[in-house]
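Participant: For reference, the chains in residue letters:
Protein chains: 2
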Amino acid sequence: MHLNPAKIAALIALAAPLPIAAQAPAPATEEAPTPNGVIAAAPAAAWKAIAPEDLLVMMLEGNRRVVIQLAPHFSQGHVGNMRVLAKAHFWDGTSVYRIQDNYVAQWGDRSEKKPHPPGMKSPLPQDYSIPYSDDLKMFELPSRDSYAHLAGFIDGWPVATDHDQIWMTHCYGSVGVGRNGPPDAGTGAELYAVIGHGPRQLDRNIALVGRVVEGIAHLSSLPRGTAEIGMYGPEQKETPILSVRLASDMPESERPWFEMMDTASKSFADYVHVRANRKDDFYILPAGGVDVCNVPVPIRSRP
Amino acid sequence: MHLNPAKIAALIALAAPLPIAAQAPAPATEEAPTPNGVIAAAPAAAWKAIAPEDLLVMMLEGNRRVVIQLAPHFSQGHVGNMRVLAKAHFWDGTSVYRIQDNYVAQWGDRSEKKPHPPGMKSPLPQDYSIPYSDDLKMFELPSRDSYAHLAGFIDGWPVATDHDQIWMTHCYGSVGVGRNGPPDAGTGAELYAVIGHGPRQLDRNIALVGRVVEGIAHLSSLPRGTAEIGMYGPEQKETPILSVRLASDMPESERPWFEMMDTASKSFADYVHVRANRKDDFYILPAGGVDVCNVPVPIRSRP
Chain A
21 MHLNPAKIAA LIALAAPLPI AAQAPAPATE EAPTPNGVIA AAPAAAWKAI
71 APEDLLVMML EGNRRVVIQL APHFSQGHVG NMRVLAKAHF WDGTSVYRIQ
121 DNYVAQWGDR SEKKPHPPGM KSPLPQDYSI PYSDDLKMFE LPSRDSYAHL
171 AGFIDGWPVA TDHDQIWMTH CYGSVGVGRN GPPDAGTGAE LYAVIGHGPR
221 QLDRNIALVG RVVEGIAHLS SLPRGTAEIG MYGPEQKETP ILSVRLASDM
271 PESERPWFEM MDTASKSFAD YVHVRANRKD DFYILPAGGV DVCNVPVPIR
321 SRP
Chain B
21 MHLNPAKIAA LIALAAPLPI AAQAPAPATE EAPTPNGVIA AAPAAAWKAI
71 APEDLLVMML EGNRRVVIQL APHFSQGHVG NMRVLAKAHF WDGTSVYRIQ
121 DNYVAQWGDR SEKKPHPPGM KSPLPQDYSI PYSDDLKMFE LPSRDSYAHL
171 AGFIDGWPVA TDHDQIWMTH CYGSVGVGRN GPPDAGTGAE LYAVIGHGPR
221 QLDRNIALVG RVVEGIAHLS SLPRGTAEIG MYGPEQKETP ILSVRLASDM
271 PESERPWFEM MDTASKSFAD YVHVRANRKD DFYILPAGGV DVCNVPVPIR
321 SRP
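Same order as they appear, the protein sequences are chains A and B. Counting with the numbering used here, you get residues 21 to 323 for the letters of the first sequence. Counting with the numbering used here, you get residues 21 to 323 for the letters of the second sequence.
Keep in mind the hints are simulated off the structure, nothing from the lab. Among the clues, some could well be false.
As the list claims (entries may be wrong) - For lysine-lysine, the following DSBU-like pairs were computed, each having C-alpha atoms within a straight-line distance of at most 35 Å:
id, chain 1, residue 1, chain 2, residue 2
1, A, 257, B, 157
2, A, 141, A, 157
3, A, 157, B, 299
As the list claims (entries may be wrong) - Derived Cβ-Cβ restraints for the label pairs, each shown as a range:
id, chain 1, residue 1, chain 2, residue 2, range
4, A, 305, B, 136, 26 to 32 Å
5, B, 60, A, 73, 46 to 52 Å
6, B, 247, A, 83, 48 to 54 Å
7, A, 139, B, 185, 44 to 50 Å
Using N, Cα and C, we set each Cβ at its ideal position, and we do this for glycine too.
Make the full structure from the sequences, and use the hints.
Facilitator: In structure tokens:
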């Protein structure tokens, strides 16, 4: 298996999208900045540490770690329930039991028989959006959005708005709450992660509670379910969930540490501009626009 | 593993996106049509057979079949080369050697040492777009596009336009041609399929030649590459490609047969409308819009 240097360079240039946990950054050049170059050049002030209270660490069988960052503004009843569930070790011994291609990976207690721990709130309101306010200091994407008046970011999270309400958007890696038909809004015990093209039609129809910041491939590369809507069939082995813990409940030495780019920083504005206007060597025609799900917020592990 | 009927119904309602090869259709209801309902109700006249000359059948080790439909309007030099390569059995014995999460699966002759068969055209022009014309009878998506003046469909394929040129869009399942830096446009020997959120920044920068109509999960669920940009590392096993044939070169009894919805039909217009305005039981707020990559053209196998 040989690759000549020109080919390797071209393949690297082709490697446009950052994974959610950032790749090893490439050097920036003044002439043709790349998204990775902007990330590498961002000063320390452009990064914000993610609190261990906001990280859920899910261990799958086979030492596969998936880390989820909890969202701060939306569906806080669900997020609160998830903290209760993690502290009660509710998810230990449950499974990933649904993988639907170009859509979602879903996990939790498939039997629905496992008792919920005390302290959970139910039923929860359909608080899928919150009132829009200038105080939210939304970073507004200059590109048009196919689903809303405007898309952008607040406090590191992708959002869309009609200027009356504002809501999180379903993008690759987004984590949401399974539910039955409305008015049920789910409890937070059953979760899914998006593993395909952003299913934006779900925005404002289901509670988004966070995003996968490490290990999404441990979900996206699982075998697809053979039963309807990607449910695992009786001949398939579900993926056992060994444990789910808040990082803040783990010994400090075992905690993962992450930081995310401040979406109010100049670095982030530069990053968005470069993602919408790729002019580095591989590109012939810059797109001149970008959709909110094609701007993964840079997140990286830190020592 | 038990699921109560209400839960199953809710999960089915949650199963919004059609895979590229259509699922078993659900019945349509007058009150709240679903995308699957529109597909099921479409008359025979709304479907067009896909010619066997336009289908590439790739067999991966383990009896995994991936079927690619070749595009009719764009990058015809590349499509022509791909027919030559298939007839010469060029891809037999090559491999899938790159899987980058939320981006692409790539295959071909990683060594780049395998001689190309006679009859291939090289170098090929960068014909990534063609002049826009009303004669193309583009179905115009009513929703705004983040990357172009307008997005829509011609002859069953997703496209975008600035009303001067028109080009194919990079969506989940799209197949394109690996290349080195410009002006090289690649030959068609090295191919990739999109396995993540539509990387529209590649539009007009690389040759799109088709889409996967069956078996995308055989690519999207492969283990991610451990080396840079998802290249397989030395410890990983590439997926062997046993054969790639045009369906028209296979015995009739072994050929796959597919048909696609006519994107000029009323059924397709209905389908787009329903995808942009989901009002069936699970949905609380219809999106009121949809992006071109979230409208997979219905394709189904036929007897």
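Participant: Take the hints in turn and mark each one as holding or not.
Facilitator: To see whether the hints hold, each was checked on the structure:
no. : hint                      : verdict
1   : A/257 - B/157             : violated, 48 Å
2   : A/141 - A/157             : holds, 30 Å
3   : A/157 - B/299             : holds, 32 Å
4   : A/305 - B/136: 26 to 32 Å : holds, 28 Å
5   : B/60 - A/73: 46 to 52 Å   : holds, 48 Å
6   : B/247 - A/83: 48 to 54 Å  : violated, 20 Å
7   : A/139 - B/185: 44 to 50 Å : violated, 59 Å
When each numbered hint is compared with the structure, violations occur for hints 1, 6, 7.
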